[in-house]
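A.B. asks: Letter by letter, the chains look like this.
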Amino acid sequence: MNLLRRTVRIPMNTFCLHRTFAASALHLAPVQLPSRAESHLWYLVPDEVKSVSLLGQYSEILSPCENEYVACIRGEQLKKTALLARVLVRTTIARYQTDGYIDPRSLKFRKNIHGKPELEWDNDDSGSRPPVQFNISHTASLIACGVTNSSPIGVDIEKKDRKIQNNIISFARRYFTPNEVERLSSISDLNVQRQHFLKLWTLKEAYVKALGKGISALPFSTFTIKSRNFEKKELNGSGDSDPEITVESVDGQRSLLSNWQFTLLELAGTHFAAVCVARDGSMGDKCFTPKKLTVMKTIPFVGDESMSGTDAAIVCGF
Amino acid sequence: MASSVAGASICIKSASQTSNRTSRLRSVSLLNSKTFPFLISYKGSYRLQICCAAKPETVGKVCEIVKKQLALPDDSDVTGESKFAALGADSLDTVEIVMGLEEEFGISVEEESAQSILTVQDAADLIEKLIEKNGH
Chain A
22 MNLLRRTVRI PMNTFCLHRT FAASALHLAP VQLPSRAESH LWYLVPDEVK
72 SVSLLGQYSE ILSPCENEYV ACIRGEQLKK TALLARVLVR TTIARYQTDG
122 YIDPRSLKFR KNIHGKPELE WDNDDSGSRP PVQFNISHTA SLIACGVTNS
172 SPIGVDIEKK DRKIQNNIIS FARRYFTPNE VERLSSISDL NVQRQHFLKL
222 WTLKEAYVKA LGKGISALPF STFTIKSRNF EKKELNGSGD SDPEITVESV
272 DGQRSLLSNW QFTLLELAGT HFAAVCVARD GSMGDKCFTP KKLTVMKTIP
322 FVGDESMSGT DAAIVCGF
Chain B
1142 MASSVAGASI CIKSASQTSN RTSRLRSVSL LNSKTFPFLI SYKGSYRLQI
1192 CCAAKPETVG KVCEIVKKQL ALPDDSDVTG ESKFAALGAD SLDTVEIVMG
1242 LEEEFGISVE EESAQSILTV QDAADLIEKL IEKNGH
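Residue numbers (our numbering), protein chains in the order written: chain A, 22 to 339; chain B, 1142 to 1277.
Hints may contain errors.
Said to hold, decoys possible - Covered by chain B, according to a simulated footprint, are these stretches of chain A (three or more residues, beta-carbon under 8 Å):
1) 94 to 100
2) 208 to 214
As the list claims (entries may be wrong) - Here are the simulated BS3-like cross-link-like pairs (lysine-lysine), alpha carbons at most 25 Å apart as the crow flies:
3) B:1224 with B:1209
4) A:181 with B:1208
5) B:1209 with A:184
6) A:137 with A:100
7) A:71 with A:100
8) A:247 with A:71
9) A:101 with B:1208
10) A:71 with A:101
11) A:132 with B:1224
12) B:1224 with A:101
13) A:137 with B:1224
14) A:247 with A:181
15) A:184 with B:1224
Said to hold, decoys possible - Cβ pair distances, simulated, as ranges:
16) A:132 with B:1212: 23 to 33 Å
17) A:56 with B:1243: 39 to 49 Å
18) A:122 with B:1275: 51 to 61 Å
Derived by calculation from the structure, the hints in this document are not laboratory data. Glycine included, C-beta positions come from ideal geometry on N, C-alpha and C.
Required output: the full structure, derived from the provided sequences and hints.
C.D. replies: Right, here's the structure in full:
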């Protein structure tokens, strides 16, 4: 049921250097909204976007407020990432065309009470959510945007080789739960421990972002993220019936938190990515079917590449 | 409050309850003047919290810790007005910075307060408030 157009793989660098883009020539290939049983994860590598004229076209689809925000960012690389992050959100959402053709410039966003960006939606009064639910995360070198059909979603990415300034166990004692500290302390190899820390951080961030909160509204010491097994396997669409990664509140009321599904990936070879999605169906459902996650690399207005089942999207152990 | 701060400026920032990070910052400067009790200059966004600005040494220390966390060169331009987000700090950086500040100043910053720390000045002001609370 993958209705994305297959694209011929064009060497992106060459393509971007030798084409000039007129605004009217830019169009967005439409994408089918995922079913309720799947989620999409789009990612963009800023270093692969080199065309100055393309970047100029990108600025034109941002709102004045967004352009002002980008202008305030210090440093060319960070500015570029901030620009591309907004472009990825606008163009990705516009492609789902839930209401006919959508100009990415026309999308309006707001932030919820905790600062989570949301699409402004005509049916706000009825309390229903817009069908396109999204969440974005970026580092200086990668931008990821997760999309679902009507389910809350949270995404967080971190560079795999990121160094932690503070002592990891001290940090975990300060901000994580005793169970998580114990798990981290049990890892003797410092590099493996650092990587586990980063995976745990992304999972916890993805969870609070899916809830629409942030660390301030839901301190990380109030819930534990646990894993069942440690195997590494490629993302091929077949999932286990038991969730591998689970979340429990610290007071032990596990039943409250069984409706969240986590996926942890090594993305683009360089990052850990955690995706947290609300499950459909009743809680305590024994025949749980995990939602399928489809991973796509993209450069807006240029092309997409499906990455599911490749080395760029590997489900990793926790 | 104004009369005891002759010549100095007090920042009065108004905070929106919804913590809207896209709102722009305006600060009101209060200068000692006979004719007009305060001179209003609008520079940025709008947050409601009357506070006295932290000592320059505290701001300086925060800048040092921020530069170290974000691996910025020593001579990079980080001041009280610098926004963490604009410097490239993500959520993990911010928490690491707060932890560094806790250790440096011997304070404890609740996660709930982290929401209101958007600039270096915010962090410095909060630090001094917490130090004062500890000390008295």
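A.B. asks: Give me the numbers of the hints this structure contradicts, sorted from smallest to largest.
C.D. replies: When the structure is compared with the hints, numbers 2, 8 turn out to be violated.
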